[in-house]
Amino acid sequence: MIYQSLILVCVKIINSGAVLGVYFGFLSTFSIGPSYLFLIRARVMD
1 MIYQSLILVC
11 VKIINSGAVL
21 GVYFGFLSTF
31 SIGPSYLFLI
41 RARVMD
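In this note's numbering, the protein residues as written are 1 to 46.
If you're looking for bench data, these hints aren't it; they were derived computationally from the structure.
Glycine residues also receive a C-beta, built at the ideal position from the N, C-alpha and C atoms.
Pairwise CB distance ranges (calculated):
| id | residue 1 | residue 2 | range |
| --- | --- | --- | --- |
| 1 | LYS12 | ASP46 | 41 to 51 Å |
| 2 | ILE13 | LEU37 | 29 to 39 Å |
| 3 | LEU37 | ASN15 | 25 to 35 Å |
Put together the whole structure using the sequences plus the hints.
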């Protein structure tokens, strides 16, 4: 029982790590993201 919960915790940590990795990967790939958002906001304001 303890062993099973330990595996669950490890899986959760790995999943959150993978999600963070993908998220930061997108951030670094699309580093123009913030400026792009500002551009969209400027277009919407007009």
